[in-house]
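Protein chains: 2
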Amino acid sequence: MDELIINYISKYISLSDEEIRIVREQNLIRQYKKNEVLLAEGELATECYFILSGCVRAYYLIDGEERNTAFYIENQTITPISYQTHSFSEYYLSCLEDCIIAVGSDERNKELVEKIPKLSSLILQMNGELLMQKTVELDDFKNYNPEQRYLKLLEKNTDLANRVPLYHLASYLGITQVSLSRIRKRISLQHR
Amino acid sequence: MDELIINYISKYISLSDEEIRIVREQNLIRQYKKNEVLLAEGELATECYFILSGCVRAYYLIDGEERNTAFYIENQTITPISYQTHSFSEYYLSCLEDCIIAVGSDERNKELVEKIPKLSSLILQMNGELLMQKTVELDDFKNYNPEQRYLKLLEKNTDLANRVPLYHLASYLGITQVSLSRIRKRISLQHR
DNA sequence: TATATTTATTATCAAAAGATAATTTTTCAA
DNA sequence: TTGAAAAATTATCTTTTGATAATAAATATA
Chain A
78 MDELIINYIS
88 KYISLSDEEI
98 RIVREQNLIR
108 QYKKNEVLLA
118 EGELATECYF
128 ILSGCVRAYY
138 LIDGEERNTA
148 FYIENQTITP
158 ISYQTHSFSE
168 YYLSCLEDCI
178 IAVGSDERNK
188 ELVEKIPKLS
198 SLILQMNGEL
208 LMQKTVELDD
218 FKNYNPEQRY
228 LKLLEKNTDL
238 ANRVPLYHLA
248 SYLGITQVSL
258 SRIRKRISLQ
268 HR
Chain B
78 MDELIINYIS
88 KYISLSDEEI
98 RIVREQNLIR
108 QYKKNEVLLA
118 EGELATECYF
128 ILSGCVRAYY
138 LIDGEERNTA
148 FYIENQTITP
158 ISYQTHSFSE
168 YYLSCLEDCI
178 IAVGSDERNK
188 ELVEKIPKLS
198 SLILQMNGEL
208 LMQKTVELDD
218 FKNYNPEQRY
228 LKLLEKNTDL
238 ANRVPLYHLA
248 SYLGITQVSL
258 SRIRKRISLQ
268 HR
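Protein sequences, first through last, are from chains A and B.
Just so we're on the same page, the working numbering is the position in the first sequence counted from 1, plus 77.
Just so we're on the same page, the working numbering is the position in the second sequence counted from 1, plus 77.
Check before you lean on any hint, since a few could be wrong.
You can't tell identical chains apart in this list, so a pair holds if it fits in one copy or across any two.
Simulated crosslink set (DSBU-like; lysine-lysine; CA at most 35 angstroms straight-line) [unchecked claim]: (1) K262 to K187; (2) K219 to K187; (3) K229 to K211; (4) K211 to K192.
Since the hints were derived computationally from the structure, they do not count as laboratory data.
Quick caveat, the model's predicted, so the values are computed rather than measured.
Modelling step: build the complete structure from the supplied sequences, incorporating the hints.
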C-alpha cells in the first residue's frame, strides 16, 4: 500500500533502500469510510494527508449551504490551512468515497525530514508546483464563465467529473446545481 | 533602496552583516515606466521580480480583451509561471505605475542561495504562505458573488482599490466595468 | 423486486450580468 | 486653462443565473 507513497516521492527525488525503509516505517496509514469527516470547521488541524485511494472534498458552510472548493484524489496531498497557520479551520474535509490515506503530523514530519534531509527539497518543489496549479486554477476561474469552466473540467478532469455527483461539481464551479443542469442541456442541444 | 529587500528577508530569517552585503551586491535593481511590459504572452520568462515600489498587473488577452488576474505591489514577489516551467507565458506583466523592482534570474538566484543556504528555508516559507493566500483567494472567489467580492476587496485591500482604476478592478473581480459600476450604485443606494 | 433515498432535471419568475452605445466625469498634457 | 484622452456611469436590451418548488430518474437497501 505504501508503495504508492514511495513511487510518488521517487518522481521528485531518488531514495536509497534505507531511506525507503524509513519512509515505510514512519508512515501512518488509515482507512476512512465514505462521509467521514477528516476536519471540521472550528477545529485545529493537527494532521496533513496524502491520499492513497478514494476522494476527499473541502467545503465551507455558508448560510447553511455546503460550498465545495476542492476535490482531492489519489496521489494528492492535503495540507489544511489550519494545519499551517495553527488557526481554526474555516472549512470541512470530508470523504466522498471510502479512502485510504497516509496521515502526517508535525512531529512525524519533522522526524522524517531530519532523517532524510533531501525531503525538504521535495517539499520545496511540491509547493512550487501546487502554487502554480492554484494560480492557473484561479486565473481560469476568473477568465471563463460557468459554461466554459464546466467544459474545461470535463476536458481536463474527466476522471473527477465522473466520480463526483453533479451537485457537488456545481458548487465547485461556483454555481447552483440547477444552473449546471441547464448548462448541460444547453451544451447537449448545441452539439447536435 | 535595497534596504527594503533586506527588511523583507529579515522578517523570515536573520542575516549577518556579511550576508546583508552579499544580498546587496547581488541585487539588480531596475526602474520601469508606467505601461512598460515586463513579460509578454508567448515569451519565455527569464526573470523574477520583487517590487520595491509601484504596481504591476498580470493579464491575459482573451478575445482581444485584457483580463486582469493579479495585482502586485510593494514587498511582493512575482514569479512568472513561465519562469518556473520554462514554457511560453500565457499572460502579460505590465506596470500600472512607475516601478522600482529588484530583478532576479536563475543564475543569480542560484548563486545567492549557494552563498546563503538558509535562504532556501525562506523560499520554502514564502511559497507555503503564497500557496495559502492563493487558496483562500480562490475559495473566496468561488464562495462569494461579484458584489460580495467587491466589498471584500474594499475592506481587505483598500490601498489597491484606490490605486487601481475601476475598469482594471472589474476584470480582476471577474466582471465587466459596466457591471461593477452598477454594483457600486446599488451599494451606494443601500447605504443611505 | 419493491421502496425509500439520493441525485438530476424541468418549470416559473425575479435578480443580476453581458453586450453595446451614448454620455458624463475625471485626468492629464499641450 | 483648455482641449483631448481616459475613466466611469447610464440606458436599453438580451442572456444567464438564482431561488423555489415540483417532478423525474437513478441508486441503494431492506
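For each hint, the structure was consulted:
Proximity of K262 to K187 under the C-alpha cut-off of 35 angstroms is found in neither arrangement, the shortest distances being 51 angstroms within a copy and 53 angstroms between copies. For a Cα distance limit of 35 angstroms, the shortest separation of K219 from K187 across copies, 34 angstroms, qualifies, whereas the shortest one inside one copy, 37 angstroms, does not. Both within a single protomer and between protomers do K229 and K211 lie at most 35 angstroms apart by alpha-carbon distance, with minima of 15 angstroms and 20 angstroms respectively. Proximity of K211 to K192 under the C-alpha cut-off of 35 angstroms is found in both arrangements, the shortest distances being 30 angstroms within a copy and 31 angstroms between copies.
Against the hints set out earlier in the document, a violation occurs for number 1 only.
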